[in-house]
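Enquirer: Listed below are the residues making up each chain.
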Amino acid sequence: MIIGMSLAILAGSLVGLQNIFNSKMNERLGGWATTAYVLGFGFLASLILGFLFEGKQLFDLSNMKTWYGFSGMIGVAVVFCVVQGIKRIGPTYAISIVLASQLALALIWDSLGLFGLDKVPFTPRKGIGVMVIIAGLVVFKLSGKDSKTKT
Amino acid sequence: MKGIIFAFLGGACLTLQGVANAQIGERMGTWQAATLTQFTGFLLALLILIALRDRSWRKVTQVKPMYRIGGAFAAVIIFGNVTSIHLIGITFSISALLIAQLGVTFLIDSVGWFGMAKKKPSVPQYVGIGTMIAGILILGS
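Top to bottom, those sequences are chains S and R.
No gaps in the numbering here: position 12 of the first sequence is 12 in the UniProt record's numbering, and each next residue is one more.
No gaps in the numbering here: position 111 of the second sequence is 111 in the UniProt record's numbering, and each next residue is one more.
A few of these clues could be false.
Unchecked claim - FRET-style restraints, in silico, Cβ to Cβ:
1. S:F51 x R:R55: 31 to 39 angstroms
2. S:E54 x R:S122: 40 to 48 angstroms
3. R:K59 x S:I108: 38 to 46 angstroms
4. R:P124 x S:F59: 44 to 52 angstroms
5. R:V123 x S:F59: 51 to 59 angstroms
6. S:D60 x R:V123: 50 to 58 angstroms
7. S:K87 x R:Q62: 19 to 27 angstroms
8. R:I50 x S:T66: 21 to 29 angstroms
9. R:F114 x S:W67: 32 to 40 angstroms
10. S:L112 x R:G140: 17 to 25 angstroms
11. S:T66 x R:S122: 43 to 51 angstroms
Claimed, not checked - Using 16 angstroms as the maximum straight-line C-alpha spacing, the simulated EDC-like pairs for lysine to aspartate or glutamate come out as follows:
12. R:K59 x S:E27
13. S:K65 x R:E26
14. S:K119 x R:E26
15. R:K64 x S:E27
Because the hints were derived from the structure by calculation, they are not lab data.
Every residue gets a Cβ at the ideal spot worked out from N, C-alpha and C, and that includes glycine.
Just chain R, same shape as in the assembly:
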């Protein structure tokens, strides 16, 4: 039960973050919103890291350089997210975002890119993606 509540709150916070960024973006500018949000989030994560005395960050040299900078995508993600919320509304924007996100993960898993264990796509997975796309067509029509 607790797990369900945490997962629900996690999703709620994700939407809240999109909305907060959109709001900040409207008042200050989209890049300001992205920079500010990432900066304060980074500071808080850093504080938690120090409080927990987590020293695993030293092992970052064992991670391939390309994977280390995945966070940098966030600049474009937030810019796209904020601009899109303004243009087409939260529901439509988040629906398109989620479908693209699951689609890319699915693609990478099926092809086995980035050293991911190759997983053979199953028919129900195609049905699931098809259903999601049908849903967004209903939303958009």
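Isolated chain S, as found in the complex:
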């Protein structure tokens, strides 16, 4: 439990930091150029770390299914949707909705156990927990409305 939580917090902190770095890059570069750089460096870093930890096994593709090759497109879809959302309704509302839908979908996914992930049964307590988090993030986002914080 503690390990899972710590890893999630580490990942979240880095996402926050990365968003700031990316927005700095986005001040000079277009959106797609920024996206390409970000994913390119992500690829290089994963390749290097993966090779350090796993050696040649990193390139063992015998367990690969065809759809794995398309999974990266989801990330590009994220960028497109979020940018379009921000353009139309502004960063505060767009990001609030992005975060809320992310959480709501996570709960649905856990409860249904889609894609062969372990099913984590839905309990009213979980529903309440997620709703409280969403309420908190809406308060947080709307109260910092004039700030330009991204995701």
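Following the hints, position chain R against chain S.
Expert: Using the frame of chain S, we list chain R on its own:
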């Protein structure tokens, strides 16, 4: 209305990506999942860049070197995300991730690190973060 739908889909895709990575990670290994996802995403972004004839990438020399390599964090982010989804489930994992993410952004904004315009934190923002943490305690108890 369209903006709301785009934002909703963006969030949905973020969760979908976490789940897809977790699934790939289970079959092939976590580092394989991170490498593969970033590689195919990079290729697609590159294709779009070429199709749109976006030449702004040349200006990358005007960006501070530290900010250029922000993308490299993704290796650790995906590793942490995938491992955490396996250990504590999607809902709990994404909740913790989001709170940490908003917390760090909030901290950087309040202190004004990385040349960000310093923004004085407001009471409702503390209330919002407190509420989110209360929510995750409800989830976890």
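Enquirer: To test your reading of the hints: which numbers does this structure violate?
Expert: none
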